[in-house]
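Heads up: the protein sequence lines correspond to chains A and Y, in order. Okay, so the first sequence: first residue is 609 according to my numbering, each after it adds one. Okay, so the second sequence: first residue is 77 according to my numbering, each after it adds one.
Source of the hints: derived by calculation from the structure; they are not laboratory data. Since we're looking at a predicted model, the values are computed, not measured. Just to be clear, a hint being listed does not mean it is correct.
Chain Y side only, calculated, beta carbon under 7 Å to chain A, not exhaustive [claimed, not checked]: (1) Arg-134; (2) Ala-177; (3) Val-179; (4) Arg-180; (5) Ala-182; (6) Leu-184.
Here a beta-carbon is modelled for each residue, glycine too, at the ideal position from N, C-alpha and C.
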Amino acid sequence: MSFRVHVRVMPRAGLLDPQGQAVEHALGALGFAGAGTVRVGRAIELIVSAASRDEAEARARQMCDRLLANPVTEDYSVEIED
Amino acid sequence: MQRVAVVRFPGSNRDLDAVRAAERVGSEAYFVWHRDSDLQQADVVILPGGFSYGDYLRSGAIARFSPIMGAIQRHAAEGGAVIGICNGFQILCEAGLLPGALVRNARLSFVAKPVDLQVERTSTVFTNAFSSGDRVRVPVAHGDGRFVADAATLDRIEAEDCVVVRYLASGPGVEPNPNGSERNIAGICNAAGNVVGLMPHPENAVHPLQDSQTGQGFFDSMAAWQPLTARH
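Using the sequences plus the hints, can you model the full thing?
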C-alpha cells in the first residue's frame, strides 16, 4: 500500500524565528490588526510505500529524525492521509 | 609536507580560495569530490564555504550524507584535522561532528562584511599560532550564520573551552554580533581541538589585495599542526 504523508517542520518554540517576525510585521503594515506570534516552518509531502499505516508513520518519523528536521532547532509532526 | 584535502560539493564556492591559502603556507593541497570515499592520505580536511546543494532543506543537511563524509568521520575519530568554514561549519554541525546548529541570521539579511574576532582557544589545529585574546579581522558572507544550541550545550561548550573565536565589537557602542549568534560565538571546536568550525572566512584574509591579512594565522596554525598519528 502507499500512503500520502504530510510532514510539518517548525522552528522549536523559544527559538528566535526572524522569518516569522518579518511576516508578522508585514501583516501589521497591511492593516491586519491582531495577527500575532507568526512562525514560519516547512511542509513536506511524500508518498510512502508500507504494509500498514503504522509502518508508514514509523518510516516517516525515521526520515524526519535523520534528514527532514534538525533535532537541535526544529520540531516536526507527521500526518498520514486517509 | 602537509597534505590538505579540500572537499568540493555541488555549490561549493570558496574551495579554490582554501586551496590557495593552504598552498601559501607550503601545504600540498588538492580537491576531493564529495562522491569520493578516499581522502588520499590527508592530514587536514577542509570543508569550504559555499552553498552545497543550494542550501536546500537546511544548510549542510544534504551534504552531510555525501559519500566522503564517512571517510571524514573516521579521519576525525582517528585524530585527523578537520576544518569547516562557513558552509563547512554548517555541514559539521549537521553531521554531529560539532554541537549546535547554524540558522537564519537574526535580522534576516545576508551579511557580507569584515568582522572583528577575538581568538579564545589556541590549542586547536587552526589557532595554535595565535595567543589567547588576539584580535583578527576576517570577512563573513552568510545568510545562515546564527549559532544556536540549548543552554546546557552552550554551557558545556564554554566549560570545555571549545569556543575558538567570538565576534568582537569594532568600537564602543557597536553591536559585535553580525547574525545573532548565541554568546557571540563565531567558531567552535571539539574537546580535542582537531575538529574546528568557523563562520568567518580566514582564506579570504591572507593576501595584500584583500581587506586584511590576519586570516593568515589560521593557516600558519594548520601548517604547524602535528598530526596525532602519522598518516603517510
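Here is how each hint holds up against the structure:
{"no.": "1", "hint": "Arg-134", "verdict": "6 Å, holds"}
{"no.": "2", "hint": "Ala-177", "verdict": "4 Å, holds"}
{"no.": "3", "hint": "Val-179", "verdict": "6 Å, holds"}
{"no.": "4", "hint": "Arg-180", "verdict": "6 Å, holds"}
{"no.": "5", "hint": "Ala-182", "verdict": "6 Å, holds"}
{"no.": "6", "hint": "Leu-184", "verdict": "5 Å, holds"}
Of the numbered hints listed earlier, not one is contradicted by the structure.
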